[in-house]
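Hey, can you work out the whole structure from these sequences and the hints?
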Amino acid sequence: MKQKTGLGQYIYIVWDYFYSNIVTLVKVASHTFTKADTVEYPEQMPYLAPRFRGRIVLTRDPTGEERCVACNLCASACPTDCISLQKTEDESGRWSAEYFRINFSRCVFCGMCEEACPTYAIQLTQDFELAEYERQNMVYEKQHLLIDGPGKHPDYNFYELSGKAVSGRAKGAGTQEAEPVNLKSLLP
Amino acid sequence: MNATIDNLVTIYIDGSAYQVKAGGHLLETCLGLAKDLPYFCWHPALGSVGSCRQCAVQLYQDAEDQRGRMVMACMTPVAEGMRVSLSATMASQFRKQCIEVTMANHPHDCPVCEEGGECHLQDMTLQSGHTQRRHKGHKKTYHNQDLGPCVGHEMNRCISCYRCVRFYQDYAGGDDLVVLGSRENVYFGRHQDGCLTSHFSGNLAEVCPTGVFYDKVVSDSYTRKWDLQSAPSICSHCSLGCNVSVGERQGQVKRVTNRYHSQVNGYFICDKGRYGFAHSNSDQGLYQAQVQPLGDTKKVTCDTLHGLDYVAQIMNELGAENVFGLGSPRASVEENFALQSVVGKANFYAGHNAIQDAIQTQVLHQLTQPDIYTPSLKQIEQADAIVIIGEDLLHTAPRMALSVRQASRNLGFAKAAAIGIPKWQDEPVRIHTQNQLSPIISVTSAATDLDDISSQCVHLAPNDMCDFARALASAVEGQFDGSGLSAKLHEQVQQSLALLAGAKRPLVISGASSQSPELIDLAAQLALALGRQSGSEAWLSYALEAANSMGLGLLNKDPKHVGDLALRVQQQSTPSALIVLQTDLFALSTQAAALCENLRHLVVLDQLPSATSDQADVVIACASSFETEGTYVNNEGRAQRYFSVHDKQSRPDAWRSLTNLAAMVIQAGPCSDAVTQLASCTKFDDLCHLVSQQGGEFAHWCDVAPSADFRIAGMKIPRQTHRASGRTSLYANENVSESKQPEDADSALGFTMEGTPINKPSALIPQVWSPGWNSNEAINKFQQEINGPLKGGEAGLRLLDISPNLPLAAAALIPSITIGAGQILAHTQNHLFASDRASALSAALKQRSTVISARMHPDTAAAMGLVDGAEVCVALAQAQWLLPLTVDASMAVDLLLLPSQYQAPISAGHLPAAVNLSAVTQEVN
Chain U
1 MKQKTGLGQY
11 IYIVWDYFYS
21 NIVTLVKVAS
31 HTFTKADTVE
41 YPEQMPYLAP
51 RFRGRIVLTR
61 DPTGEERCVA
71 CNLCASACPT
81 DCISLQKTED
91 ESGRWSAEYF
101 RINFSRCVFC
111 GMCEEACPTY
121 AIQLTQDFEL
131 AEYERQNMVY
141 EKQHLLIDGP
151 GKHPDYNFYE
161 LSGKAVSGRA
171 KGAGTQEAEP
181 VNLKSLLP
Chain Z
1 MNATIDNLVT
11 IYIDGSAYQV
21 KAGGHLLETC
31 LGLAKDLPYF
41 CWHPALGSVG
51 SCRQCAVQLY
61 QDAEDQRGRM
71 VMACMTPVAE
81 GMRVSLSATM
91 ASQFRKQCIE
101 VTMANHPHDC
111 PVCEEGGECH
121 LQDMTLQSGH
131 TQRRHKGHKK
141 TYHNQDLGPC
151 VGHEMNRCIS
161 CYRCVRFYQD
171 YAGGDDLVVL
181 GSRENVYFGR
191 HQDGCLTSHF
201 SGNLAEVCPT
211 GVFYDKVVSD
221 SYTRKWDLQS
231 APSICSHCSL
241 GCNVSVGERQ
251 GQVKRVTNRY
261 HSQVNGYFIC
271 DKGRYGFAHS
281 NSDQGLYQAQ
291 VQPLGDTKKV
301 TCDTLHGLDY
311 VAQIMNELGA
321 ENVFGLGSPR
331 ASVEENFALQ
341 SVVGKANFYA
351 GHNAIQDAIQ
361 TQVLHQLTQP
371 DIYTPSLKQI
381 EQADAIVIIG
391 EDLLHTAPRM
401 ALSVRQASRN
411 LGFAKAAAIG
421 IPKWQDEPVR
431 IHTQNQLSPI
441 ISVTSAATDL
451 DDISSQCVHL
461 APNDMCDFAR
471 ALASAVEGQF
481 DGSGLSAKLH
491 EQVQQSLALL
501 AGAKRPLVIS
511 GASSQSPELI
521 DLAAQLALAL
531 GRQSGSEAWL
541 SYALEAANSM
551 GLGLLNKDPK
561 HVGDLALRVQ
571 QQSTPSALIV
581 LQTDLFALST
591 QAAALCENLR
601 HLVVLDQLPS
611 ATSDQADVVI
621 ACASSFETEG
631 TYVNNEGRAQ
641 RYFSVHDKQS
651 RPDAWRSLTN
661 LAAMVIQAGP
671 CSDAVTQLAS
681 CTKFDDLCHL
691 VSQQGGEFAH
701 WCDVAPSADF
711 RIAGMKIPRQ
721 THRASGRTSL
731 YANENVSESK
741 QPEDADSALG
751 FTMEGTPINK
761 PSALIPQVWS
771 PGWNSNEAIN
781 KFQQEINGPL
791 KGGEAGLRLL
801 DISPNLPLAA
811 AALIPSITIG
821 AGQILAHTQN
831 HLFASDRASA
841 LSAALKQRST
851 VISARMHPDT
861 AAAMGLVDGA
871 EVCVALAQAQ
881 WLLPLTVDAS
891 MAVDLLLLPS
901 QYQAPISAGH
911 LPAAVNLSAV
921 TQEVN
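Sequences listed follow chains U and Z, in order.
Residues 1 to 188 (my numbering) make up the first sequence, in order.
Residues 1 to 925 (my numbering) make up the second sequence, in order.
The set of hints was computed from the structure by calculation and includes no laboratory data.
Remember, predicted model here, so these are calculated numbers, not experimental data.
Any given hint could be a false lead.
Derived Cβ-Cβ restraints for the label pairs, each shown as a range [what the hints assert, rightly or not]:
(1) H135/Z x E65/U: 49 to 59 angstroms
(2) K740/Z x I13/U: 29 to 39 angstroms
(3) D148/U x Q288/Z: 43 to 53 angstroms
(4) Y41/U x E734/Z: 32 to 42 angstroms
(5) P858/Z x E65/U: 52 to 62 angstroms
(6) K648/Z x E115/U: 27 to 37 angstroms
(7) D146/Z x Y41/U: 52 to 62 angstroms
(8) K648/Z x D148/U: 33 to 43 angstroms
Once the Cα atoms are required to be at most 25 angstroms apart in a straight line, the calculated SDA-like pairs of lysine to any residue come out as [stated by the list, open to error]:
(9) K142/U x L186/U
(10) K791/Z x D801/Z
(11) K142/U x C110/Z
(12) K21/Z x D62/Z
(13) K216/Z x E98/U
(14) K171/U x G181/Z
(15) K740/Z x M138/U
(16) K184/U x G174/Z
(17) K136/Z x T175/U
(18) K139/Z x G93/U
(19) K142/U x Q252/Z
(20) K139/Z x L186/U
(21) K171/U x C110/Z
(22) K171/U x H143/Z
(23) K216/Z x Y99/U
(24) K423/Z x Q434/Z
(25) K171/U x Q145/Z
(26) K846/Z x S221/Z
(27) K139/Z x R169/U
(28) K415/Z x P44/Z
(29) K648/Z x P905/Z
(30) K142/U x K846/Z
(31) K846/Z x T88/U
(32) K846/Z x S92/U
(33) K557/Z x S536/Z
(34) K139/Z x L183/U
(35) K216/Z x G172/U
(36) K740/Z x R727/Z
(37) K139/Z x A173/U
On the chain Z side, residues computed to face chain U include the following (Cβ under 10 angstroms) [said to hold, decoys possible]:
(38) Y142
(39) H143
(40) G181
For each residue, glycine too, the CB sits at the ideal point set by N, CA and C.
Structural data, given as structure tokens:
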């Protein structure tokens, strides 16, 4: 750009100052006649895209058992480290979470946990209304997270496919599993 | 130097030239050059069998050869001018297909697998490039077995690499884990459900490349490897000082795994080290200081500083000369040193009884002799003839038993080497060797688990053992006339002599559990004689009483033990106080009750309650070895530092309590220099500096491990992994605002995930991890060469090597035990999982401790009118013990073996002794 000098430079600066202010004023004033982007929340609910990610829930498999097997993948995928849990195991060998805690005051709803979850247990819902007066109340435990249904993947049942024997499903009874090998057989 | 250069060859890997050591195979060479090459069946300690076909590489004839042929790297010796390619399409495609076949039957259970996240199979699958299962058929399934409280079994996951049986049978000598079935239906397990009997079974979880064998104790409160806050530590259960990695989460120790040390434990630890950590989490532990003011009948809890203040008042009241300290072979050098400084050298006694003290003195006397060398566990594996006298190694120093087992193969290795078979060719060596083993002579009072590899097993009563050792030593020198020996013993000596005749690198092993200072001396005489015969230095190794027996011995060179203390307190006219460090007086000596009677005050610093802490009027709870830092000196004199794994200590460090005590004492008035110096210590490094000022063996104490000022790129070594999760959530239920990461002023490690995960002295790594290598197999990235020392040098310092002092004084002789009429000599029989309170608190180990019984030879039992299974009453002084009797034809005559049992009426510390034995008659009401 050509550098203005002397008097021309002063005129340019003054002009530039007034021009930008006038443009701004005009633009702001013009918004008086445009439609507002905001909505009258909460009387009027906003549009949420189908894949909107909000409050996290823990789902159950089709048989009603907790889907979460406490594998810890969600916790390790979480960029804000806001998930923690502890594995426990029942007599039949089924893993589940002894406690499952999400600190929603840190959660950024990125959905990495849902992506990491190998059992479709952790899912993000459309609920974003999490505001609290006390930040401490944003710490959700398992009983706050667990819902009664399977959520987005109604038919998936991890233990059907895992090959691990748990209550109600013996070895070899899962999908695509052969009968347990009979070691005493001499047949070819 | 020339010899080293001669051993190097040049090979070309993917076009680049490398100078590598000759004699190895391609796989270990490539891994040693930090290249990634997948493998399953090879293990650095187990050698190559070439069965998994995973390490395929392309080998070219010469520089012109473009096509090449595929070979298995683990089975191909490196040769001069060799040209190989890891990235060649054919080899990499082959590796990918191979793993695809392996994975066809592997279950979809990684999320519920204990190995997930540190799985060699996961790593190798990713490394080979196989990502999608194409096979649409059914997956094979297997029934699992119950393998006991320590090791879990999930056979579906098996990839048939055979590592488990090769470790369990071939390396550790177990016989109850076998491979069953045929063809592709092989099954790795026991003939029937039941606890794995090997004392090294826990290593299966580390050896198995996937999750077939997993650690059940870890699984009980499972935490993924990446979430563990880990610290390098030293096992506190025996005198060998195995390096372990301790993992913690939310204030609980979650697991203990092996930490590689090329000279000490290598790749394996015993089950006591692995599963004996529960004492640290136990709710039975001491967590708060307790004080019982004079005249009160109950102890009240208070904070530690209050308790210490009370102790300082006691010390000022009674006068420094009337306060005694009792150190412990279980406490670190620094803790013992701090106590020694507080009470003064003259008032410091070792937590040993007379026999233990004499043994420790004798051990130091022998190991400081210029002609005697005490080998490390790795060096023990190089011995070609071993004499074990009076030590049931598997129960007192299990990792040493494993080393002895490896040494027994040296004859086979030599035989194979003679026809050009290298050591790593596992199967050919075994076939060529057949059952020939290097001579191992085991002289014990009863059958041991090493008898299966012993060329000669001699079961003798303790006195006969001394005669045997004396006779064998003079026979080796050629001065043996057989006089004064029974014909049988004479024959046994002759047999041993013949076995030892050609030995080039003989080794004598003895130890504290023989409970005979004389035998310690005779073992040294035998080692010297064998050394002279073979023309090499005399190799002698002792298994000692506890983790820091050697450290306490070096600190307390004037032999002073609990018996001396009892006598001194009794003779003293003024009231006295005793500060006991991590010792149970009552398990140590029968004089304990009398000693406690004569004391005005008894102060105990401990982490677990004991009969002594019940008697004490002040109890100061102190941290276990997982919660604090300190240094143990192992049986070969190697000082090794351990570090705290807990960021939130549940109880203060013992050393810090003692420095605080010193500070309180000096406030009250003038006191000794040692107390003043101790009081000025605020950090662990200050204390280490004080220890080093003692000179002698301790002169280089500050070099044992890097100081707290150590930084890499301005950061400490992180105890957490870079992937640790849950930082903003773990404690959010207590307080949603995260607290600051705690700082560690006492070590080179930080309670943080910040820091470089790999570029650090490998000896200080809390956990092995390298990009793409999440399992413990990542250790190859930290070794200078496979099976070699760690990068940056090994941890620890061999004190006996750096200080060639004059030999220390020999111990005074212990009067022999007189056996009255109707009495019998009782000795201890150690049991790995039952003998101490630390392992008694581990539920898994408790289940594995066998049924307790006294043992006796059938002839001796018959002479005393006792039968097998009879209930007997063993009486020693005031103590009586009712237990069943087992007769055992393999053991020595005129001897009663009593199990070493925690909280038993007669503990190991009371033995050997002449005891009264009587059958219990059923009372008729």
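#### Entry: Hint status (Cβ of G181/Z to nearest Cβ of chain U, threshold 10 angstroms)
holds, 4 angstroms
### Message
Given the hinted pair K171/U and Q145/Z, is their Cα-Cα distance within 25 angstroms?
### Response
holds, 12 angstroms
### Query
Is the hinted pair K142/U and K846/Z satisfied, with a Cα-Cα distance of at most 25 angstroms?
violated, 34 angstroms
#### Entry: Restraint check for K423/Z with Q434/Z, where alpha carbons must lie at most 25 angstroms apart
Answer holds: K423/Z to Q434/Z is near 15 angstroms, not above 25 angstroms.
### Task
Could you see if the CB distance from D146/Z to Y41/U stays within 52 to 62 angstroms?
holds, 59 angstroms
### Task
Starting from K142/U, check that the Cα of L186/U is at most 25 angstroms away, please.
violated, 50 angstroms
### Query
H135/Z and E65/U, beta-carbon distance inside 49 to 59 angstroms?
Check failed, 29 angstroms falls outside 49 to 59 angstroms.
### Message
Tell me if the beta carbons of P858/Z and E65/U are separated by a distance inside 52 to 62 angstroms.
### Response
holds, 59 angstroms
### Task
Take the C-beta atom of K648/Z and the C-beta atom of D148/U, compute their distance, and say whether it sits inside 33 to 43 angstroms.
Holds - the Cβ-Cβ distance for K648/Z and D148/U, about 37 angstroms, lies within 33 to 43 angstroms.
### Task
Measure nothing beyond the straight line between the CA atoms of K139/Z and L183/U; if it is 25 angstroms or shorter, mark the hint as holding.
holds, 16 angstroms
### Message
Can you confirm whether the C-alpha distance between K136/Z and T175/U stays at or below 25 angstroms?
### Response
Given that 25 angstroms is the threshold and the Cα spacing comes to 11 angstroms, the pair holds.
### Query
Holds or violated: are the alpha carbons of K171/U and G181/Z at most 25 angstroms from each other?
holds, 18 angstroms
Consistency with the previously given hints fails for numbers 1, 2, 9, 29, 30, 33, ordered from lowest to highest.
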